[in-house]
Amino acid sequence: MQQLLTFIRKEFLHVIRDRKTLLMLFGLPIAQIVLFGFALSNEVKNSRIAVADYSKDPVTTQIINEIASGNYFDIQRTLQSAAQLESAFKKGNIRMAVIFPANFSNDLTHTGKATIQVIADASDPNLATTITNYITRIINNFNTQTALTAGQPLQIIPEMQFLYNPELKGAPNFVPGVMALVLMLVCTMMTSVAIVKEKELGTMEILLVSPFKPIYIIISKLAPNLIISIVNLFIILILSALFLDLQVKGSILLLTFDSMLFILTSLSIGLLLSINAKTQQAAMMASLMGMMLPTMLLTGFLFPIENMPVALQVLSNLVPSRWYFIIVKKVMLKGLGITAVWKETLILAGMCLLLFAISLRRFKIRLQ
Amino acid sequence: MPDITPNISSTATNTPSTAPPVIVTDKLTKRFGQFIAANQLTFQVNKGEIFGFLGANGAGKTTAMRMLCGLLKPSSGKASIAGFDVYTQTEKIKRRIGYMSQKFSLYDDLTVSENIRFYAGIYGMSIPQIKEKTAQLLQELGLEKEAKTLVSDLPLGWKQKLAFSVSIAHEPDIVFLDEPTGGVDPVTRRQFWDLIYHAADRGVTIFVTTHYMDEAEYCNRVSIMVDGVIAALDSPTRLKQQFGHDNMEDVFYELARNAKRKAD
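Chains as they are written, first to last, in numbering that gives the first Met the number 0: chain R, 0 to 367; chain D, 0 to 263.
Heads up, some of the hints might be wrong.
Simulated crosslink set (DSS-like; lysine-lysine; CA at most 27 Å straight-line) [said to hold, decoys possible]:
#1 D:Lys72 with R:Lys277
#2 R:Lys248 with R:Lys196
#3 D:Lys72 with R:Lys196
#4 R:Lys212 with D:Lys259
#5 D:Lys72 with R:Lys212
#6 R:Lys212 with D:Lys239
#7 D:Lys259 with D:Lys72
#8 R:Lys212 with D:Lys132
#9 D:Lys46 with D:Lys132
#10 D:Lys147 with R:Lys196
#11 D:Lys91 with D:Lys147
#12 D:Lys147 with R:Lys277
#13 R:Lys212 with D:Lys102
#14 D:Lys102 with R:Lys196
#15 D:Lys102 with R:Lys198
#16 R:Lys19 with D:Lys259
#17 D:Lys144 with D:Lys91
#18 R:Lys248 with R:Lys342
#19 D:Lys91 with R:Lys198
#20 R:Lys277 with R:Lys212
#21 D:Lys259 with R:Lys198
#22 D:Lys158 with R:Lys19
#23 D:Lys130 with D:Lys147
#24 R:Lys198 with D:Lys158
#25 D:Lys102 with R:Lys277
#26 D:Lys91 with D:Lys102
#27 D:Lys132 with D:Lys158
#28 R:Lys212 with D:Lys144
#29 D:Lys147 with R:Lys19
#30 D:Lys144 with D:Lys130
#31 R:Lys198 with D:Lys72
#32 D:Lys158 with R:Lys196
What the hints contain is simulated information worked out from the structure, not anything from laboratory work.
Based on the provided sequences and hints, a complete structural model is requested.
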């Protein structure tokens, strides 16, 4: 036991002495959160729009006020004619126009149905989709409100629904992705590099000749990375709660438990990589290329898995981060409990055990 | 190469023959598929002896040494280290041996005393023992002032001496040195050999591989491996007589030039 403590102490000294790497380890989650949360946001704020109100009645005024009140839209001008509309789009002053037809109020009072014309600049299709979604939501809200007060259902435009992310926030989807990415990267890379370093230094030979048990070497190598990763996990959770207004809806205990499973799985992958890598650079490249790309592409946080070719969909099942991503989304965003994620948890636990067993076996073989 | 005459104080012939040999091998063989890396090695090394293990690259030195350290399982033959069998008692052997590789194998980002502490610690020494040993080693090496210096800041010669001291910190019966003097200047090498004699005087058996033929002269006995077999084994003086040369360099060359294997 004291032998093990000596070794773990040494591993921590390595980590602490290497300031640059340490800074990188803790800087990584912070940078990712800032990058995805602010710089690469899907949210579109203060879009310049124009309004043409040919009806000019209390209802249209009210809707226009609703549109102007949020921080999504900035009503640049009110239009008088179709010609003005065209020129405004051509100049690129506005991204969208909302037009209330002259018979709007009339239709609404008599039939309970009315249309609003929404014209968006679709030169950036994603942007157009996003802002038309915003306007749809605002109008739907208005419909519901008036229905409650007037007791009469109004239909202005088709209903749309956004589950779990009613404000179309960018954060909910990427935070679980960042968690999977950061944990996977730190664990595999740091573990494989730490072990390969001993091989490069020649110290691994000494360790193998010594009575120190191989399993102890593995435990000592994993210990600092495990702790760093748990700290990283909480850094991400705290940052998203503070700055992205994204709290953990479900059980933090369950989330931590599943994160530990994922961390251990990633550590085992790092261990496995280190067995075949001969240099630190090789280990680092293997971790980056072998782990970062599948994590980014096949986890489902950048590209929906449902849209992928079948072969890739099948392949994505083998990527541990895919299951972790699902778990985090369910627990963190939807507030679901173990009954909803037991299957994913079991898959992750199975992967973890399998990978650890294989790496342990391979590691021992090297000694013979 | 300066003329360095070692003052051998403890020789194999001086060692009382009552003590049983610490390394005994009998037809020890290692095959990798069709390739026989080490072929029927039979030799004995006595307690406190400095045993030189010479051979060109690829001759099978490393394979032989790895079998003796318990890192490789022999294909056939027998071997015992400090009385323990290399097939079945590798864990016991590990406690009784020390090992120093040609890379010196110290952690650059740890201080001198942290390195000593670590290596003593993984051999299961207790904390008071480690403290005592650290103080003793620092004093012997004259590194007391450098106790808190990072190993990366030490000159190569000091690293080498520290690596050797660390390899015998747990007081093993035998220490295996794998080309321990690579890359250092002759004066430092001479100082290093003083440390080796000092350890041998205390009864530690030294098993050393080297490329430097002047170092072969410092050994009590040397074996020369060619193509996986031991081609010659005796004291340097008798080997020179036997082959009719006045230095080990010529003895080695005569044996090694007939090698069929290419260096790896």
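Against the structure, the hints come out as follows:
| no. | hint | verdict |
| --- | --- | --- |
| 1 | D:Lys72 with R:Lys277 | holds (23 Å) |
| 2 | R:Lys248 with R:Lys196 | violated (41 Å) |
| 3 | D:Lys72 with R:Lys196 | holds (25 Å) |
| 4 | R:Lys212 with D:Lys259 | violated (39 Å) |
| 5 | D:Lys72 with R:Lys212 | holds (17 Å) |
| 6 | R:Lys212 with D:Lys239 | violated (44 Å) |
| 7 | D:Lys259 with D:Lys72 | holds (25 Å) |
| 8 | R:Lys212 with D:Lys132 | holds (23 Å) |
| 9 | D:Lys46 with D:Lys132 | holds (23 Å) |
| 10 | D:Lys147 with R:Lys196 | holds (23 Å) |
| 11 | D:Lys91 with D:Lys147 | violated (33 Å) |
| 12 | D:Lys147 with R:Lys277 | violated (31 Å) |
| 13 | R:Lys212 with D:Lys102 | holds (22 Å) |
| 14 | D:Lys102 with R:Lys196 | holds (13 Å) |
| 15 | D:Lys102 with R:Lys198 | holds (11 Å) |
| 16 | R:Lys19 with D:Lys259 | violated (50 Å) |
| 17 | D:Lys144 with D:Lys91 | violated (36 Å) |
| 18 | R:Lys248 with R:Lys342 | holds (20 Å) |
| 19 | D:Lys91 with R:Lys198 | holds (24 Å) |
| 20 | R:Lys277 with R:Lys212 | holds (22 Å) |
| 21 | D:Lys259 with R:Lys198 | violated (31 Å) |
| 22 | D:Lys158 with R:Lys19 | holds (25 Å) |
| 23 | D:Lys130 with D:Lys147 | holds (14 Å) |
| 24 | R:Lys198 with D:Lys158 | holds (18 Å) |
| 25 | D:Lys102 with R:Lys277 | holds (16 Å) |
| 26 | D:Lys91 with D:Lys102 | holds (25 Å) |
| 27 | D:Lys132 with D:Lys158 | holds (18 Å) |
| 28 | R:Lys212 with D:Lys144 | violated (33 Å) |
| 29 | D:Lys147 with R:Lys19 | holds (21 Å) |
| 30 | D:Lys144 with D:Lys130 | holds (16 Å) |
| 31 | R:Lys198 with D:Lys72 | holds (20 Å) |
| 32 | D:Lys158 with R:Lys196 | holds (18 Å) |
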